[in-house]
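4 protein chains.
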Amino acid sequence: MTRQDQPSTGRDATHWLAVADEVARTLAADAVQRERANEQPLREVALLREAGLLALLVPAEAGGAGHQWPLAHQVLRRIAAADASVGHLLGYHWFQLWRTRLFDQPELTARLERHTARDRLFWAGVSNPRDTALTLTPSKHGWRVTGRKSFATGASVADRLVVSGTEDTSGRKLTFVLDAQTPGIHYLGDWDNLGQRLSASGGVEFRDVHVHPADVLGTQPEEDDGAAHRQSLAPLGFQLLLSQLHVALAHGALTTAAGYTTEHTRAWAASGVDRAVDDPHVLAGYGTLTARVEAAACLVDAAAEAFDAAAAAGQALDAEARGRAALRISQAKVVSTEVVNTVTTEVFALTGARATANRYGLDRFWRNARTITLHDPVTYKAAEIGRHLLTGAFPPVTGYS
Amino acid sequence: MTRQDQPSTGRDATHWLAVADEVARTLAADAVQRERANEQPLREVALLREAGLLALLVPAEAGGAGHQWPLAHQVLRRIAAADASVGHLLGYHWFQLWRTRLFDQPELTARLERHTARDRLFWAGVSNPRDTALTLTPSKHGWRVTGRKSFATGASVADRLVVSGTEDTSGRKLTFVLDAQTPGIHYLGDWDNLGQRLSASGGVEFRDVHVHPADVLGTQPEEDDGAAHRQSLAPLGFQLLLSQLHVALAHGALTTAAGYTTEHTRAWAASGVDRAVDDPHVLAGYGTLTARVEAAACLVDAAAEAFDAAAAAGQALDAEARGRAALRISQAKVVSTEVVNTVTTEVFALTGARATANRYGLDRFWRNARTITLHDPVTYKAAEIGRHLLTGAFPPVTGYS
Amino acid sequence: MTRQDQPSTGRDATHWLAVADEVARTLAADAVQRERANEQPLREVALLREAGLLALLVPAEAGGAGHQWPLAHQVLRRIAAADASVGHLLGYHWFQLWRTRLFDQPELTARLERHTARDRLFWAGVSNPRDTALTLTPSKHGWRVTGRKSFATGASVADRLVVSGTEDTSGRKLTFVLDAQTPGIHYLGDWDNLGQRLSASGGVEFRDVHVHPADVLGTQPEEDDGAAHRQSLAPLGFQLLLSQLHVALAHGALTTAAGYTTEHTRAWAASGVDRAVDDPHVLAGYGTLTARVEAAACLVDAAAEAFDAAAAAGQALDAEARGRAALRISQAKVVSTEVVNTVTTEVFALTGARATANRYGLDRFWRNARTITLHDPVTYKAAEIGRHLLTGAFPPVTGYS
Amino acid sequence: MTRQDQPSTGRDATHWLAVADEVARTLAADAVQRERANEQPLREVALLREAGLLALLVPAEAGGAGHQWPLAHQVLRRIAAADASVGHLLGYHWFQLWRTRLFDQPELTARLERHTARDRLFWAGVSNPRDTALTLTPSKHGWRVTGRKSFATGASVADRLVVSGTEDTSGRKLTFVLDAQTPGIHYLGDWDNLGQRLSASGGVEFRDVHVHPADVLGTQPEEDDGAAHRQSLAPLGFQLLLSQLHVALAHGALTTAAGYTTEHTRAWAASGVDRAVDDPHVLAGYGTLTARVEAAACLVDAAAEAFDAAAAAGQALDAEARGRAALRISQAKVVSTEVVNTVTTEVFALTGARATANRYGLDRFWRNARTITLHDPVTYKAAEIGRHLLTGAFPPVTGYS
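Protein chains in written order, with my numbering: chain A, 3 to 403; chain B, 3 to 403; chain C, 3 to 403; chain D, 3 to 403.
The hints are simulated quantities; they were obtained by calculation from the structure and are not laboratory data. Note that this is a predicted model, so its numbers are computed, not measured. Wrong hints could be hidden among the right ones.
[Stated by the list, open to error] Partial list, derived from the structure: chain D residues whose beta carbon lies under 8 Å from chain C: (1) ALA20; (2) ALA112; (3) ARG113; (4) VAL218; (5) THR263; (6) LEU391; (7) LEU392; (8) PHE396; (9) PRO398; (10) THR400; (11) GLY401.
[What the hints assert, rightly or not] Simulated restraints, written as ranges between beta carbons of each label pair: (12) LEU44(B) / ALA20(C): 37 to 45 Å; (13) GLN222(C) / PRO223(A): 55 to 63 Å; (14) VAL275(C) / ALA30(D): 48 to 56 Å; (15) ALA311(B) / GLU307(D): 55 to 63 Å; (16) GLU265(C) / ALA216(D): 53 to 61 Å.
Idealized CB from N, CA, C, for every residue including glycine.
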């Protein structure tokens, strides 16, 4: 990568898609080796940083590239097809910074965005809803935060963190920003899972970490407050990103497997053809899988549009508009989960036995898919959709919906 | 329907979607009874005619509503969800008239469109590619056409027919227009199939039927002629319409079944809930099916956009652009076929046993789906997609691709 | 059929399988027409009667054929493949008579068996667990029974009925036998459903129908009584029969479709082969479906063995042995339900479009399957199996498990 | 293991099933660690040896345990559920020795069996049909064999090898036995694949390896020779073993996952239950998967019976009996392949995200399944079954059928 010095601002979509393709090629070249080495994804984040991608969604006036989510989704799909861990890091980075806007503190957001563009900061979050909440204890100059959270994707390689916790005196839930190197933050390094291995998704422990009042984004609003719908877009945004990663993984598996079949697979004797690419079952097999992936991709696109529309509504967002976006995103989750788990298993039937050699690393797509699709149980997304069809009710607002 | 006298011209999309909804409601009200009666769909075509829908795509200057395919697809999806046979008739009608444009005889097309708007004509085609071709014998004032074709959807209730045949002296394949009442045309009335029963898809026999030179749309072009790609959009258009009908059928099955579950289904004792709509399996079941249908719908939408783009290219359409549209349409066919056959079977597991009573007619969705999805074997659509992924080749131009 | 006069006693399994095949051929010959005519299955029951099949399980000493369930299941599978309604009637007939043994009144059972053999009686039951129970009011010479039950397969064409009701004075649940022509029994003729049309599964109304004390089989035992497990085999037996019908239907659909493909289907142009039976997708398609059906068949066989073992245990049957049989039967239900609904839909993709003509009636397999598989929701069978795997608990005793 | 000194002879089935369970427990205890260490399975073979299992099928008169295949299959299923690589080694070991009987040289077989029992020998084979055949060059005292074969499961840890090659002078195909340590045999150690990692399935190179005439089992017979059918049982036996491993893997995945769910999985908030084992979707999910695995297991049992019957026919085995066994085995392959790939993926949806931690190693079931199910493409097994249904033809005799 030699794009290090270029300014982000002023480049058009074509530029960024070319950057995405270049990053994807770089990542694909040694994806198998890097995954096996299983090191902290410092080089990977550096690659994104040097490519100028970290500030893609930062407004031009804050020194960023000034682009919107539709382009970011395209970039994400390309990069995540090559390395879903890196896609995971990038998507979450963008979203953690972007979601500071939901707190309607434009000056704070502007400051965070300026710093991100200037110092090419990488963001991550610490907020797994299933863990006990972090405790915020009021102190002289703010708060001290204590506790432990698991599955904090990207945190251990981040510059800035978005963190949530509960004030012990009031029970209020606050969301705030921290420098990732603040004393008292300990990265547990306990992410050793079968997939998304380079996503740095280990736990984080906070021991009396100081939070400054100026870094507080806001408190969780009351349910019938206008801000409630708006802030409740955050879990939807993460759900949408997961579906995008599913589709990218499925694309990556398909194209990698197809490349293998074309290059290596020998025709089976009983097929009566000379080349594997003329085997009727290979052709129909790839075609069926491709069609399913494309359907999932179109649905994720539609979900992304629904999310953008909801976000664009600002404070005017109401329960129904929020609900319709949530349903679209749940649909995308259901279909993309099913598709990616199927595709990443089925491609092997189209490559043949020798593609199971570890040097091809074709199983990483399944391992990544199987890991990421378990973020939260998809059957409860399906239930949300079914309930709406049957009763008209919209999904409740939770950490996952 | 009391919209009989209204002019089509000048009404906007909102109007036509309301018309579609009204027609759909009318059709749904006695869909079960009409299907069982299994009569020629004369009343159904009259309904479409009176609603002003036949000229939806006829340009305003020719007296039509002047709308484009995107709106037509929306109308079609609503009407076909209520009655897929009628959707079949309407979609094919629109396309038979529209595809006359592909022959680049603007005056002829303009005449046909004017007459269609003025006389509210209903169109159908006679061209099943698997049958032996009709024979055209040159005569003093044109040709005489002889032969027999099966599966001519809508022909027996049409005003005008688009017909293809082979000139016996030259081997050229000609496409021409006929008044459906021309002497010598015999409708065989042999459509007695398990689904799409009201689609009037019986055979047609031609016995020395006169074809006037002024009604000849054109001859099939040579393969590397510029017109070849353009005329070859016709089979793609039919394929696209089939996928649209699949999605509409799936929607119709889902909403009809959901209505039944809400109104009639009793909670199963072992579920531990009081209402069927609170049964976790019912909720997740409907949600999963809905998500799959929505994915198929989004893919069909994308295919329709690809088709429109290809059509808009006019003579500039090249093999690659044609090929990309063909692949998108094949993807839509593969996914929508799978989805509609699954959904129309699976909804019964969510309604329970009593929904099998014939008075509910819930099986008509499966019977329609099972019939229409067999138009041509979907596995060969999948093979086209797979071949492109593996070798870059585009689908060949045939009567089905 | 000319076997009318032959005695049942003394014939071996070979004989009865040949009879089954002959009955199956007779039924298959006009299955499509009979189903469409939708008359009461009087001729069908007469066919079974004349073939001597009604007393197959009646002991030789009572004048029956003296065979056991394994042979009955083989006979059933052959007949139900040809006509699943008739299989339904026959299986339920056998089981209604056989289950009188579970009440341990050997003399009463012997009398019923003797009469069945002598008069070639046809049995059915009236006991849908989801309806309100019939009311038994003690009278001078027994009881008077009042109420209404739905879905009483075979009752309207039966000679004898096994009926259950609740004594209004005591709340005891009694099971008893009735002559099907007893005054006050009204057959509602309300079975008009999409499948199993000839199974005579309409409702029955009882208006002050006299029950004689000598015809009472017994009362439902207390839960921890030894007889409880034994009598609780009845719902398992019905569940097992349903799975057997599923497998038979799947076999029938496969062989009927394969016959059609061999005889009628034309090779698709894009297949590159001359005969449909050489199309790789047709071959693999039929093979995959066949393999799945055979797996289901083997599991149903295993379930039948488990049931026979439980039945053979007599009063020694304990909760675990009963539970293991129940689990096996639930497994069979889960798999056979999935398989038969899939197979009866998928065969059409292997026959092609023209097989949807109503004269072939190939949809009757799907309609029968879709109807019979809804007897009770299969997902709760799956839950029983899952609960056992996770917790070791056996299925509860209910009207369906 | 302390069973080292016990004689195999004279122990009954109960003994061997207890041994199997003990070996399975031992293997399961560190299966995850051993798989990750990825060493040659020397300790694993030693475990089988010390348990006395190697001579299970050796006749008592030759010093073996004197048991038959039905018991061996039960033992195999238990051991392979714990460690499918070891099951692979054990099954192939048994079969390589057993298949020497097919050459009808009872004295040679008796000698091999005696030595196996006496010296507790471990057997493997070298015969991948897709590679170029090994070359046998006649020499003064037999032959010299040269060439290279891949995928020789177990060879590198074996005592004896069954090898096939083609005589360069005559073109005859000979099968012979070799001491695995014979000079000139080189084990390539090139098995580094995603699953079945401890199955020692690397390649073997032969450089002028001496073959003694007394160790030649026989030549491949002419097609219409009586011995042809008999020797052609060998590929069927391997296919059967693969299906047995599939079923064992599926069992292993299910019970391991169920153990995890019971012990570790937390109820999902939206489920409304306190324990994951009460979640309706978890219950139905495990139940559905269990039912499918049981169906596959029953079909594999039926296939094993068919194989045993064919083997028992000896020289009387004809094409039809061979064909029927082949079809049963192909059915088992089709269903077990589908089931094991589904189950090993789907269990994760029932354990939840934390089960993806590498310390649980739950992905090894999928990796093993995905690897072993690719032995040869299952779609061509399906095609064999379909062809028989449509045309009555039996599968051809090949290295895979």
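Consistency of the hints with the structure:
About 21 Å separates the beta-carbon of ALA20(D) from the nearest beta-carbon of chain C, more than 8 Å, and the hint is not met. Restraint check, ALA112(D) versus chain C: the minimum CB separation of about 36 Å is more than 8 Å; hint violated. For ARG113(D), the interface hint is violated, since its Cβ never comes within 8 Å of a Cβ in chain C; the closest pair sits about 39 Å apart. Annotation: VAL218(D) was flagged as interfacial toward chain C, and the flag is violated, the nearest CB pair being 37 Å apart, outside 8 Å.
Because the closest C-beta pair between THR263(D) and chain C is about 6 Å apart, less than 8 Å, the hint holds. Residue-level restraint check for LEU391(D) holds (minimum Cβ-Cβ distance to chain C is 5 Å; threshold 8 Å). Annotation: interface hint on LEU392(D) holds; nearest CB of chain C at approximately 4 Å, less than 8 Å. Taking 8 Å as the C-beta cut-off, the interface hint given for PHE396(D) is violated, the closest approach to chain C being about 13 Å.
A hinted interface residue such as PRO398(D) counts as satisfied when its beta carbon comes closer than 8 Å to some beta carbon of chain C; here the least separation is about 13 Å, so the hint is violated. With its C-beta approaching chain C no nearer than about 16 Å, THR400(D) sits outside the 8 Å limit, and its interface hint is violated. For GLY401(D), the interface hint is violated, since its Cβ never comes within 8 Å of a Cβ in chain C; the closest pair sits about 19 Å apart. Judged by the Cβ atoms, the range 37 to 45 Å given for LEU44(B) and ALA20(C) is violated: they are separated by roughly 53 Å.
One distance hint, 55 to 63 Å for the beta-carbon pair GLN222(C) and PRO223(A), holds here, with the actual separation near 57 Å. Look at VAL275(C) against ALA30(D): about 49 Å separates their beta carbons, and that is inside 48 to 56 Å. Checking the proposed 55 to 63 Å range against ALA311(B) and GLU307(D) shows it holds: the Cβ atoms sit about 60 Å from each other. Range check, GLU265(C) to ALA216(D): about 57 Å between beta-carbon atoms, so the 53 to 61 Å window is met.
Consistency with the previously given hints fails for numbers 1, 2, 3, 4, 8, 9, 10, 11, 12, ordered from lowest to highest.
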